[in-house]
Every structure is written in structure tokens, then in C-alpha cells.
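Chemist: Chain by chain, the residues run as shown.
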Amino acid sequence: MSAIVGAESIHEHAESHEHHHVSQNFWQKYIFSEDHKVIAKQYLITGIIWAVIGISMSVIFRIQLGMPDSNLSWLKPVLGQWISDSGKLDPNFYLALVTMHGTIMVFFVLTAGLSGTFSNFLIPLQIGARDMASGFMNMLSYWFFFLASIIMFGSIFLQTGPAAGGWVIYPPLSALPEAHPGSGMGMTLWLTSMAFFIVSQLLGGINYITTVINLRTRGMSFDRLPLTIWAFLITAVLGLISFPVLLSSVLLLIMDRHFGTSFYLSDIYINGEALPNVGGSPILFQHLFWFLGHPEVYIVLLPGLGITSEVIATNARKPIFGYRAMIASMLGIAFLAFIVWAHHMFVTGMNPFLGSVFMFLTLIIAVPSAVKGFNYITTLWRGNIVFTPGMLFSIGLVSLFVSGGLTGIILGNSALDIQLHDTYFVVAHFHLVMGAASAFGLFAGVYHWFPKMFGRMMNPTLGQLHFWLSFIGIYMVFIPMHYVGIAGFPRRYYQFTSYDFTHKFMDMNMFISIAAIFSFLAQFIFLWNFFYSIFKGKKAPKNPWRSNTLEWTTPVNVGHGNWEGEIPAVYRWSYDYSKPGAKEDFIPQNVPYSQTLESNLPHENELIATEKEIEAQNFNDQFKTAH
Amino acid sequence: MASNVTTPGAVEPKFWMGGIEPMKASYGKLMMWFFLISDTFTFSALLVAYGYQRFSFPAYSGEVADFVNSNLYWPIPEKVYAAVPFLHGVYLPLVFVGIMTFILIASSVTMVLAVEAGHRKDRATVEKYMLWTILGGFTFLGCQAWEWAHFIHGTDNGTLMTIMENGKMVEKTIFGANLTVNEYGPAAFADFFFFITGFHGTHVFSGVILNILIFFRVATGLYDKRGSYEMVEKVGLYWHFVDLVWVFVFTFFYLV
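Chains W and Y are the protein sequences, given in the same order.
If you're matching positions, the first sequence starts at 11 in our numbering and goes up one per residue.
If you're matching positions, the second sequence starts at 695 in our numbering and goes up one per residue.
Derived from the structure by calculation, the hints contain no laboratory data.
Be aware that one or more of the hints could be misleading.
To be verified - List time: in silico DSSO-like cross-link candidates among lysine-lysine, alpha-carbon distance up to 30 Å: (1) W:K622 / Y:K718; (2) Y:K723 / W:K39; (3) W:K548 / W:K622; (4) W:K546 / W:K589; (5) W:K548 / W:K98; (6) Y:K862 / Y:K718; (7) Y:K822 / W:K51; (8) W:K552 / W:K514.
Here the structure is a predicted model, which is why all the values come from computation and not from measurement.
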């Protein structure tokens, strides 16, 4: 009875919906779209463009560091006045490049590009919703990000160069226009851009959280959510709580820069003349900044870990090991993320006792991180592993996460950090654990969900080639970098030619630079594969990876509204792979236990009784009511 | 949202399995709650910054009766905020800000009454109490404008201070306050006062604008047509939040 009533109303709706569809023109469909899938693709493409810019910048300063005597005149067509007549990179622009590389990669690629893409794409599809709770706010979120992008991109072309005080923009360097050419207009645009970026994050994050809480389909309880959704939910909560603190600190910095306040400034002399600012504290900025800055690391990493959980379980053809432990460890990491920020500040003259408290809390993060690491490895253990490109990148992520995480334990010790602070050891550490690991998460996600996004397959051979070259390249860059750091090379230096101790490491620096160029070039395989496959790739089947989650129950080319007709109900968790007794090695979430009697466990047979309850619930269909 | 569309003969759900709004909170209301959580952290950051800066200055250590303004220590708030309009020269510590606080809290009470009337779909009463709330908001903003004007204008005698000017230390009498120097205490005192009360005032102002918008939509009968006054409840949440933030601002700037 209930099913009939439901089918009728859905049918009615499907008709009215189709009508709705036809009336969309190109601008509504692809530019100012409120469809979460289109917005996800907008985020992805914007993120890819930013990644190309950001990584190109790193290649330029790696050439400067590895081959300091080389003639860079060939870059004059691109960099213009920043290359001197003798073919040297301008030292001020070097600092700007480092700053912009950090800003772009952390915020624009790995925050917006990664969680913007996959939270938008996967949340409605995997929880069984027609779209986000508010499509309009979702669209605004992208366009605020776009505005932030335009402003940040524009700042690169300023005569005085973009912001150059490091991505952490510590005052007084960022607060005083006299401090550096980039601290004038460049920093103003940086701050403006980030203010818009924070608005975008807020709009997106609120939407992700409410969608997960309120729009799940029938039967999709929290303990049946795929781990991707858990990761996106926790990421959104982290962003929701930490980005406003950055907003506050940025607003105070703007006051210091333009309105003569003394929040961060005190006792500063410029050309022998004292500034009137008294009583401010630059350390205050660092506290506020790192209250965002540390959770930001997990905002970047957690979506990658969520994607990995899903991809590894699917391609190892095994249930994820420790589903609840995975959730608990993510919650633990998220909680700890907010109480460890001062480990970035061990050398600010902080009370050593306070330092030891933050050290203790920091080291605790190793526990949930290790739980995740072991769970991934245990999931792989004796699995029937299918080495798709997505799977390779997921395994690569686990490798990078472990090897980068180990040096995190070293750096978490204040006694060691005081030695290693601001050296290339730190650079190597965070590039492995949050940079490369999250980028691998992004790649894993793109390779895995490309068929759902574009209805076509990416070339797996090129994907595997891309993986191996990237994987080898990244380790060739960052393992030697640890040694350079231990040897005492400070980060953000223009060149190391004037110190005696650096001479014997010049060849190692050159090796790192060559490896960086190698890894950079390997990414063009991905770019070609990605853009070629959008138009010319092999047509994708409905469920190419034989996966359990709900997005694979949608049509190959998903329309606005995701499911034609009724949204499927959910009866089981998403990890029933290789279940003993089952006909196939996967049982999708929308298959009721009453249809799989041969593989049910005793407690699952009891759940058959709840199927009626699940079906008796409302359809929770956004599109059924006026919107 | 298609809430409560249960099919006939349905089994009463024993536990929540998705698809139903948890705690009967619509997604719009949840969004407001999460925005408020986020905004809490914006204000917390500002207030923590204020506390950090304040305790990096020495506190006044002598007798309260002997207190004089100086930029060498943090002022005692009740010595600073002691003026009331039309009572020039009378020492009335914290009286005016007390009145302001009372007005804002009273406007929260009228907002509660508007929300309650909305539940009963009593349009006339919602209109009445929304208007009172809007009036309370504007009155608070007016009071704040006066408070700022007085703070900027300063006392009759000012304070003789040693300050940095054009790179040299000079001794001069300071009247009132701006963002670089003020007669009450260290520069940070006025900086934080202006920034945090200003930031809060901006929130109150946007709250009043939202209230006017909602009042207009109530008056034109939009929510009667829609059959739900939930929007009144949502702006009510925002209004109470702004009120609650003021309680903290009041405590940290005026009381302690």
C-alpha cells in the first residue's frame, strides 16, 4: 500500500521535475547552477587550475634553490621584471612565490578544491538526497570562492608583487607596508581574498552539515553512513569552528594596517624612527592564526582519509576494518586539533611548562592517527586487491600519511622542534603528511568518482603511470629534504651560496629540485587523461568498481535530482564486501536483508523486522515540496 | 521539506533511522544554529584577544578613590563609563550602560513573545511584538551611538600623558579617544572597545534589518499563506544570540 502511494506521488513529481529541467538554459545549467554535482565540478576545475599555478610557482623557486647560478632569462616572458637583466630571480619575488605557493595550495587547492569538490559531489549522492539542503547557498559558496580566487589571482600581477610574508602572514611583516614590497597592496588583496574565502567556507560548511543531518534517505542512520560522509561532516565542523577565528584575526590585522590601532604592533622602529604603536602583541596573532592553522591541517587531510577508506574497502573487496574505530579516531583527531595549536609556537618564548602541555597533547594525536593507519593496512590484509588508479593513490596516501606522520612525532617534541623549527625538516614533514597525502586523496577521489562525474572512464594505464611517477617523485623530493633540514637549512631563504656549511649539500638540493621538476611533469599525464577522458573517455558502466554506496544506483549520467523516481532506502552499512555465502562479492546498501538470507548473520536476520519500519518512513524528498 | 508525510497504516518508528528531522529541527533552523556556533567563535576570538592584551598591561593597584587615568595601566571601567545623557558632570558609574543592557534584554523578551504568537499563528500579536523588538534594537543602537560619541569626545579636563608622536616622546593633554591614543588608558583599551562593541553593534544593526524584513513579510501575510511562522523563530534565534553576546561584552568591558 505504502509503496503504491509513494510511487504515484513520485511519478507525479518526476513529470513536474522534467518540466523544470527543460526550462534551464546554459547559464542556469553550467554557470549559476544550484545542482550540487555541477558546483562540485566547478570546484574541481577551479582547484585544478589553481594547482597548476601553485605547483608551477614551487618549480620556479626550486630551480632557484637547486641551481642558484642558472640563468632564468627564459622565464622573462612570464615573470617580466621579476627576472633581472642578468637572468636572476628577484629575491623579493622569491618570497612572494613561497607565500603564494603556500596560500594557494593550502586554501585554494586542498581546502576548496578537495573538500569543495567531494563534499558537494558525494554528500547528496551517498546519503540519498536530491541535492544539498540549500542549493542557492551552495551556489553562493562557489561564487564567493571564485571571487576570492579572482582577487588572489589579480594580486600576482601587481607592480609591487603579491603578499610575501609567508602563508602564515605574521605581523609586523604583514602589518607594515614598509616591511616588504608585498606587504602593501599585495597583502591588502590577500586579506580581502581570504575574507571572501572564509565566507565561502562558512556557506559551504553549514550546508554540508545540515544536509548530512537532515536529508538522509530512509534507513540511512549515522552508523550506516559511508566513512567519506563522516569525514566530510567532521571536516565541515572543523572549518565552521576554526575559520571564524581566522576572520577575527584578519579583521584585527586590517585595523592595524589601515586604521592605526595597536593590536599586533609595539615598539617598532623604521629607519631609526619609532612608530606610535605601543602595547600590541605579534604573538597574539600567532595564537589566533594557529587556532585556525592547526585544524586547517585536518580540514585538508580528513577528506582524503575519508575517500581512502571508501576506495580501499571497495578495491580490497573487504569490509573496512574497524568502522566505528575509524569514526572515533576522526572525532578524536578533530577534537585534539583544537588544543594543540601552540606546538607551532615553541620558539616564541612561550613558558616551557606550557610548551610541555602542548607537546603532550600533540603526541596524543599519534594514537587516533595510528588507529587509522593500522585500520587501512588491516583492511588491505589478505584482500582481493584490485589495483585501479584510485586504489593505488589511496595506498599511496596511507604510505605518505605514515611516513609524514612519523616525523610529526619528532617535531611534536618541543626539545627537538626548537632545533628543527623553520628548517627544511618541517617543510618535508608537512608536505608529506598534509600536502602530498591530501593531494593523493584528491587524485584517488578523481580517479574513483570520475565515472560518476562525467559518465566516462579515465584511462587506467595512464592513471597507473601517473601514480608511480608521482609516488616515486614525491619521495625523491621529500626524503632528502629531511636531511637538508637536519643539516640546518632554514626555510624561506633565497639562496644558500654564502654559507660554508651549506656547500656540501648543494648537490642534494639540486637533486631535490630535479625530482620536483620530474614530479611536476608527471602531473601533465593526469591533466591530459582528465580532460581527454571528459570528452573521449570510454563510456562508463553504472557501477564500474562494483561498489556498495548509493551513488552507483543512480543513472550513468546523473540528472538534476540524482534518482529517476524514488530515492532508494538503505538497509545495511556500505561495507558488505566478500560476505561469506553471498552470491556476489558486494551487496549494495539498498538491498534489504530479507533478500540476502544466504549471507545474513544472526543479528542481521533480526533486522529484517525493521525493514517495514524503514519503508514506512516518509520519503524525505526535497523536490516533492515547493522549492 | 516534506516532514511528517507518513503513509497510511505506517508502523510508528521506534528509533530514528534518517529521513526524519532530528528533534524536529528543519534544515533552515539547523543552518541558523550552525551559523551561530560559527559566530560564537568569531566573538570568542575577539574577546580572548582582548583578555590576552588586557592582562599584558599592569592593573591599577592603588585605592579606587585615588584612581587617575594613565596609559601605564589598564583603567577601572566604572571610572570610565560614568556619564549619562543630560546629566553632565554627574558621576553615575555604569548607569547608562545598565539601561542599554536592560533595553536589549527587554527586546529579547518581546522577541520571545513574537515567536510564541507565531506558534499560535496570531498575526496581529506577532506584528505587535516584532515592532517592539525593532524599536528596542534601534534604541540600543541609539544609546550606543551616544556612548561612542561621549567616549570619543572625552571629559572636560582630559589627561596629561606621555605619548609617542612623530617618533618622539612628548607630554600633552589628551581629550577623548581615537584608535591611536585615548585619555582613559593604553591605546589597546580604546582599540578593543571600538572594535568589539562596533562589531557587536554591526550584528545588532543587521539583526534589526532582518527583523524589519520579517515584520514586513508577517504584515503582508506571507507566513499565513505558507502556514508556518518558522522564519520568525529563526531571526529570533539570531536576536537572542546577539543579546547573549552583549552580555559577555558587557561583562568583560564594563564589569570586570
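Chemist: Now, for every hint given, state plainly whether the structure supports it.
Modeler: Going through the hints against the structure:
no.	hint	result
1	W:K622 / Y:K718	22 Å, holds
2	Y:K723 / W:K39	28 Å, holds
3	W:K548 / W:K622	41 Å, violated
4	W:K546 / W:K589	36 Å, violated
5	W:K548 / W:K98	47 Å, violated
6	Y:K862 / Y:K718	64 Å, violated
7	Y:K822 / W:K51	48 Å, violated
8	W:K552 / W:K514	57 Å, violated
The structure does not agree with the numbered hints 3, 4, 5, 6, 7, 8 stated previously, though it agrees with the rest.
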